[in-house]
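Visitor: Sequences are here, hints too, so could you generate the full structure?
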Amino acid sequence: MENILEIKNLSKKYKEFELKNVNFSLPKGTIMGFVGENGAGKTTTIKAILNLINRDSGEIKIFGSKLEDNEKEIKENIGILLDDSFLSEYLTTIDLHKIMKNIYKNWDEKLYFKYLDDFKLPKNKIVKDFSNGMRMKVRIAIALSHHPKLLILDEPTSGLDPVARNEILDIFQDFIQDEENGILVSSHITSDLERVADFITFINEGEIVFSKTKDEILDNFGIAKCTEEEFKKIDKNDFVKFRKAKYEYDVLIENKTEFKKKYDVQVIDRANIDDIIYIYIKGEK
Amino acid sequence: MKGLILKDLLQLKTYKKTVIIFVLLALFLVFCENSQNPPIFITVLLTFWFGMFGIIPFSYDEQANAERYIQSLPVTKKEIVLARYIHVFGIIIVGALAGTILSIVSCFATTKEFLDIREVLIIFSTSLFGVSFLEAIEVPCFYKFGMEKGRLTFIILILMAVFGVVTAATAIESLNITYEQIEGMMLKLVNILPIILMLLTFVVSWISYKISCRVYSKKEV
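So the protein lines, in turn, are chains P and C.
Counting from 9, one number per residue, gives the positions in the first sequence under my numbering.
Counting from 25, one number per residue, gives the positions in the second sequence under my numbering.
Simulated from the structure, these hints should not be mistaken for lab results.
Predicted, not measured: the structure shown is a model, and the values here were computed from it.
There is no bait here: all hints are sound.
Computed list of lysine to aspartate or glutamate pairs in EDC-like fashion (alpha-carbon distance at most 16 Å, straight line):
| no. | chain 1 | residue 1 | chain 2 | residue 2 |
| --- | --- | --- | --- | --- |
| 1 | C | Lys102 | P | Glu76 |
| 2 | C | Lys242 | P | Glu76 |
| 3 | C | Lys101 | P | Glu76 |
Guide: Here's what the structure looks like:
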């Protein structure tokens, strides 16, 4: 599969934080969920992808080209939604249309107004008077209305009610149907990612922990519920991390089938993305 | 880039009523003034007010934390800075023109005489240069330090400039040059002063733009 986004050995050092050798790629026609706790390096990675920060080393290719070689052209084909950054809220949706029409060559007026109608967004009210969910919908409409090939979304469903979230997730799934587009979506709402993502990339303390297909993760990862005796018998190399609960040990394992063959543990639960992140960050080895 | 200029202008829409009130206030002040004096200050006042309106988008962008989003759009950093300069200095020119037109009209309304064209040009170019000079210092400060610290830096720079002018005036006095001599020199320059001031406005704005581009190119958002 051809990649729409490739990140190789990306590093960036700040005083108190470091992005270490980040590697992952997003194939065409797929959605990648980018997860990790706050301050793990998701936003810094997104900033580096968009060339908003000067990286110390590494290479980023979008649509097969280095961003710095053809930044303007490449950005024409990227739809952006940033969690904490947008234009002034004293603008109306009509104002935003006038602005974007003069920024994106491929701005599709009809599509934008269709999204406004679908999302039931008023046209002559300033965005400041909108609810949080409506504001997010405006950003989504803008991110999609110039026919981008790549969507980079930072927390796109935060502040949305379940109905709106599903509506947006359906739009994202439609977006990748032609097998030419791709979406990198950073989100804390992992249930959304479990619904739509094809890949999950987990970052922790500036390092990529894994970048795998969602099915690989959900099928193979598990949480073995062990007694102290059972836990003591487990080889350290056979689990990722563990958490000591009140009466048992929650052991995060990467391959349920292999683990079952090797150890006689009665309960092995399915691990969802939240469980994996939680035990990985809070657990011990 | 056109989209960014439009963004700055559309953000000022909320100030529509304030601008009208300011213009009416300026007119009111003109008619309260002694009608024998040409209403010079209306040009200075409106240029200054419009100059202040021109920098409002900095506040809006800072409030919305818009820098990151703007830099993610298909525009270069140079275009972002240029768009802001076109907006800021464009608004100053509009203010100076509006002030000049109003001063001509109000002068005619009160004295039934037109202002001397040389006088009009000098008032226009002086107001334009004065406000542009201030903004040319202020805008790079905003890019470097943000609105709050930028304003403080701007005030310090202006105080330093005032100190410089006072020192220069003292130096001139010590050279035994009288104000009559200075006035004489100015009268000789009266025909070319507007051109010199407009050229200076352009040069100062261009230098300021170049400094801002340099500052902004290194800025990480």
